[in-house]
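These are the residues of each chain, in order.
Number of protein chains: 2
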Amino acid sequence: MARNLPEKRLRVHFEPDNIDTFAIPGENLLDIARRSGVRIYASCGGQGTCGTCKMVMEKGEVATTRTQRLSDEEFNKGIRQACQSKVLTDLSVSIPVESRLEKAVLAHERKVAAQTVATGWQYKPPLSKCYVELPPPTLDDQISDLSRLLRGLKQQCHLSNIAVDFSVVKNLASTLRQKDWKVTSTTLTKAVKTKDERRRPTIIKVEPGNTSQKHYSLAFDIGTTTVCGQLLDLNRGTVSAESLMYNGQIKYGADVISRINHSQKPGGLKELHTAVVTTINQVIDELLHQSGVNIRHIGHLMLAGNTTMTEILLGLNPQYLRLTPYTPVANFFPPVEARSLGIKVSKPVYLFTFPDVSSWVGGDIVSGVIGCGMHQRKTLTLFIDIGTNGEIVIGNSDWMVTASCSAGPAFEGGGIRHGIIATEGAIQDFTIDAQTYEPKVGTIRGAKPRGICGSGLINTVAELLEAGVIGQNGKFNRDLATKRVRPGEDGYEYVIAWAPETQIGRDIALTEIDIENMMRAKAAMYAGYQTLSKSVGISCCADFEQVIIAGAFGSSLNIEKSITIGLLPDIPKERFTFIGNGSLMGARLTSFSTDLLDDARRVAQMMTNVELSGNVDFMNNFIASLFLPHTNANEFPSVMKKLREGKQRITI
Amino acid sequence: MARNLPEKRLRVHFEPDNIDTFAIPGENLLDIARRSGVRIYASCGGQGTCGTCKMVMEKGEVATTRTQRLSDEEFNKGIRQACQSKVLTDLSVSIPVESRLEKAVLAHERKVAAQTVATGWQYKPPLSKCYVELPPPTLDDQISDLSRLLRGLKQQCHLSNIAVDFSVVKNLASTLRQKDWKVTSTTLTKAVKTKDERRRPTIIKVEPGNTSQKHYSLAFDIGTTTVCGQLLDLNRGTVSAESLMYNGQIKYGADVISRINHSQKPGGLKELHTAVVTTINQVIDELLHQSGVNIRHIGHLMLAGNTTMTEILLGLNPQYLRLTPYTPVANFFPPVEARSLGIKVSKPVYLFTFPDVSSWVGGDIVSGVIGCGMHQRKTLTLFIDIGTNGEIVIGNSDWMVTASCSAGPAFEGGGIRHGIIATEGAIQDFTIDAQTYEPKVGTIRGAKPRGICGSGLINTVAELLEAGVIGQNGKFNRDLATKRVRPGEDGYEYVIAWAPETQIGRDIALTEIDIENMMRAKAAMYAGYQTLSKSVGISCCADFEQVIIAGAFGSSLNIEKSITIGLLPDIPKERFTFIGNGSLMGARLTSFSTDLLDDARRVAQMMTNVELSGNVDFMNNFIASLFLPHTNANEFPSVMKKLREGKQRITI
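Protein chains in written order, with my numbering: chain B, 19 to 670; chain A, 19 to 670.
Treat each hint with caution, since some may be false.
[As the list claims (entries may be wrong)] Not close to chain B: a few residues of chain A, all C-beta gaps over 10 angstroms, as computed:
1. 43
2. 181
3. 229
[Claimed, not checked] Only pairs whose alpha carbons sit at most 27 angstroms apart, straight line, appear in this in silico DSS-like list of lysine-lysine:
4. 365/B x 288/A
5. 77/A x 104/A
6. 288/A x 197/B
7. 288/B x 365/A
8. 232/B x 200/B
Calculated from the structure, these hints are not laboratory results. Each residue gets a CB set at the ideal place from its N, CA and C atoms; glycine is no exception.
Required output: the full structure, derived from the provided sequences and hints.
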């Protein structure tokens with residue numbers, strides 16, 4: 019480079035982040051934004067298909083490939099999709115509110131009480147500390163330094179059958195003598211216990227003096243969208259601090275498929291790895307800041323993530339996850355030294371990941387199952403985590419089957435014209451006046467609406483269905499006396515909020531295409547329950563004694579409305595339980611209990627995964643579910659009863 | 019440094035190595051020789067006490083502190099002790115033949131047939147390779163890559179309960195696909211099996227295609243003096259090549275105490291570590307050269323060494339070994355990645371060391387015991403390794419006691435005026451004409467004599483005793499009609515070779531002080547047998563059913579003569595067995611058998627070490643042994659008979 023003529027460089031300015039950067043002519047505008055740290059959301063990862071990375075060109079010119087995601091009105095206002103634009107001149111752009119990533123609301127959203135938690139486990143963290151006072155050697159007692167330590171640990175801490183990391187031996191002689199043969203040893207149970215074997219803890223650190231009061235670890239949920247961490251006090255079994263941030267990978271796409279695609283570009287895997295490690299380090303900084311704990315007292319990391327997130331974090335190439343027949347590199351990963359991955363903890367801190375079941379049923383699901391204790395009960399349970407990929411587990415303490423269905427991004431705002439993720443100003447609550455068809459709308463944090471999030475979408479469709487604004491096929495009733503139902507670019511639509519009421523200055527409407535996309539998503543989930551149930555010979559869905567809903571999205575669900583549209587099975591409401599971030603809960607509990615850590619390995623091996631792609635039964639069930647709530651009315655008796663009563667009311 | 023005025027630099031030239039180097043005024047001449055790679059022997063490590071590092075000043079001047087080790091004659095000829103000399107001017111020196119380290123003779127010396135070898139073990143190396151052909155994944159068989167490999171290893175290689183190194187997972191996906199799902203896996207049994215547990219091999223490497231035919235490892239004896247290595251073919255259970263070299267640490271002193279002293283100097287530990295690693299790498303180069311094996315097919319290293327050698331090799335500070343109460347850092351060291359120590363093998367090759375028993379009874383002794391199978395037999399055995407430190411093991415398959423006694427360097431040429439190590443020109447055989455007192459001398463390789471080695475010393479003293487030239491107190495009979503017995507600088511002496519017959523151009527004589535030093539050495543050994551026997555309530559030495567003599571020095575011993583002087587117990591000759599380098603033998607056999615590797619750990623733990631320093635019983639035995647063969651005639655009935663008969667013959 020140094021010897022070439024300098025390339026022409028353009029200036030690019032981003033608002034409202036107030037970021038200035040340089041670019042070369044022809045460079046992709048989304049790439050520029052990503053590398054400059056601009057807070058931008060790009061749901062599809064820059065394919066041009068989602069329309070979330072819109073920017074307003076304030077000054078300067080770009081060359082854009084226009085897609086369907088951009089309306090005439092938007093185009094004329096100077097709005098462009100960043101991923102489809104190349105910079106030609108110096109540029110000044112602003113990012114509209116609906117394309118921005120905001121932070122504040124997240125922490126609030128996740129505060130869901132866990133009602134179902136694993137029980138009956140012994141409090142015995144895999145990481146333990148013990149302070150010992152050793153007798154100094156004499157001519158009558160001249161065993162080696164290490165033997166002396168091991169003897170002390172056996173006598174004073176009841177630890178036996180111990181292995182030792184070589185790094186411990188390295189400075190052992192001076193460490194022992196530094197504070198007069200008084201030391202604190204840190205042991206870690208690295209290997210999972212199999213069958214009748216005894217556990218074999220490993221000494222990973224020996225410190226002079228008594229440091230046993232400073233004994234912490236970290237639990238993490240590495241989500242595709244957010245990274246959530248907890249700082250755990252292992253002496254007290256409590257959470258000292260909690261923090262979460264968007265996964266830095268989000269700029270490379272909202273879902274795992276976009277991430278895998280990006281990983282196949284030159285340097286892509288490295289970028290993704292660095293992005294998530296940077297986020298983890300930021301979360302750690304925040305946790306330390308909140309708690310005042312010193313980083314060198316963090317002794318362990320327990321991480322749960324889906325298979326893609328886990329593989330990328332470990333620096334593994336995830337390419338085969340998305341190539342048929344969808345094979346992960348491994349289901350179980352040995353503990354890794356966290357520093358070797360770039361995580362800024364001290365040495366030696368080992369990072370544990372949860373075992374994966376398949377390419378699409380990952381460690382986050384195993385962690386959730388362990389966290390809620392599903393594996394401890396005889397209760398026949400349906401465990402679900404709804405997202406772009408919906409994961410389903412059916413079973414109890416004796417057996418479990420799992421599947422993943424590609425629900426599409428509708429519940430996360432993708433493929434929905436005004437869809438956004440659950441952030442400030444997202445429409446979440448929706449009720450409709452059965453006479454006037456006028457809506458009453460509630461948004462997150464009560465801000466002016468700027469879009470509609472997944473749970474809002476479900477609530478809106480359910481209300482529109484019950485009010486007869488749409489039929490069971492998801493199409494609008496075109497004969498209603500309301501201006502809110504109108505023909506639009508994507509067929510008929512219902513205006514939820516008029517332009518002046520919104521943050522974005524345009525009408526927020528729900529279109530028939532939006533509804534169709536949502537129906538596909540919910541149909542995939544329901545067909546999943548059915549197919550998986552049939553595979554083990556149980557009746558879906560009356561047989562389910564308990565339904566556990568994990569995940570941030572699940573937490574904001576209205577159960578009744580979700581049953582109405584056919585996303586959740588039509589069984590008594592008291593059988594449903596939300597557990598919020600089950601993945602994080604599992605990571606926390608396994609940090610507290612080595613028994614549960616053993617369980618995680620055992621449960622992952624016990625889970626039988628059923629591949630739904632290409633499964634004829636699943637396809638049939640899926641097509642039958644493309645109706646509100648379902649083409650088979652017998653599946654949803656209570657909903658059908660409600661719809662009949664509503665129709666009578668409307669008719670009267 | 020760069021900002022200071024340049025220091026004056028002197029030139030130093032060494033002959034016969036023809037090495038030129040620079041030095042700063044006042045720099046120690048031995049240090050200069052060491053850092054320049056001059057082949058020099060410095061038995062005491064540069065303390066000035068041994069007199070082995072003599073050099074002839076050909077040109078230029080040094081400032082020397084003169085010690086007793088330098089005769090007037092030598093001093094006048096311009097000979098100086100390098101360690102006691104500081105360079106003052108440009109210098110040209112030559113190293114006399116007796117101070118040089120030669121190489122050639124070593125390999126020859128060690129060719130001793132092993133008559134006693136461990137038996138009954140299963141051929142099952144800790145390192146094993148297996149080639150598997152895996153079925154490619156399909157939608158019906160979409161288990162993870164790692165699970166597929168593990169399943170294949172279970173089905174095709176009967177390997178179960180396997181752990182996996184993370185480095186293996188890292189590239190597994192591409193490795194498996196590289197040669198169409200045909201791979202060779204390398205597994206290593208890292209941890210020693212305890213009690214009833216199953217072994218847990220770890221996969222450390224997976225290679226595309228079939229590499230199972232290339233399957234090698236290295237066994238090493240890391241001696242204080244020499245480093246001996248063997249390249250093992252693990253498919254055939256054979257030795258493909260063998261090589262040995264002086265331990266590069268030898269320039270820092272001949273014995274472990276000098277090495278420990280050197281390790282306490284600034285940078286000393288690093289120098290010692292680098293020196294031995296360099297030697298190991300040179301031996302490896304030689305082994306690869308001899309065998310034509312590629313370095314990447316070496317999968318494992320098994321090393322046996324004494325406690326000091328082991329700790330220094332592992333980069334551990336050995337300082338506490340020689341400080342009372344003599345504690346090693348650890349008795350057992352976990353496997354270490356060889357490359358992390360600087361050993362030039364590929365990654366990941368793990369290095370195993372043998373467990374140590376105490377500061378002075380190390381892994382080399384454990385290895386020797388395992389190698390000769392002493393732990394497998396009920397036979398009450400005395401196992402000895404004679405050197406500057408003599409190590410003693412007494413026991414059988416049920417129990418073992420160990421001790422180390424500081425015999426001093428006499429058997430290795432130290433403290434003996436014309437003592438040299440067993441190298442070309444060393445006097446080894448000696449017989450005397452009972453009438454004329456004229457000697458018949460045999461040297462190693464038949465060269466002109468240049469000194470006397472340990473076994474020559476024993477043979478000479480025994481013959482002189484039997485011929486009545488010396489009495490049982492080690493003093494010369496001054497009334498004999500021979501010019502060979504004469505007063506000298508160190509009391510009376512016997513001239514073994516006149517100046518013209520020698521390489522060194524001076525008379526080679528044995529002095530009363532030399533004999534006294536040898537008597538101290540043999541007395542220490544014998545007192546060791548006695549003290550250790552008494553500690554377990556057996557009678558020394560008639561109870562010993564077998565005596566195993568390990569070590570290079572032992573191999574050249576004349577048993578009868580050794581009994582005559584009281585070094586070996588007076589029991590029937592057929593009970594004695596030489597095993598040569600037992601340490602290397604043990605390293606080789608444990609490379610072939612995981613059972614024996616387990617045994618090594620078990621045996622080391624079974625051994626009870628008895629500390630002889632400060633032991634009153636030992637001191638009494640030692641003093642009683644300072645006689646030829648012993649003050650208690652009943653200990654040596656056959657010798658006493660021979661001496662009586664000899665005396666009668668002489669008298670007649």
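Hints and how they fare:
{"no.": "1", "hint": "43", "result": "holds, 37 angstroms"}
{"no.": "2", "hint": "181", "result": "violated, 7 angstroms"}
{"no.": "3", "hint": "229", "result": "holds, 21 angstroms"}
{"no.": "4", "hint": "365/B x 288/A", "result": "holds, 23 angstroms"}
{"no.": "5", "hint": "77/A x 104/A", "result": "holds, 14 angstroms"}
{"no.": "6", "hint": "288/A x 197/B", "result": "holds, 26 angstroms"}
{"no.": "7", "hint": "288/B x 365/A", "result": "holds, 23 angstroms"}
{"no.": "8", "hint": "232/B x 200/B", "result": "holds, 16 angstroms"}
When the structure is compared with the earlier hints, a violation turns up for hint 2 alone.
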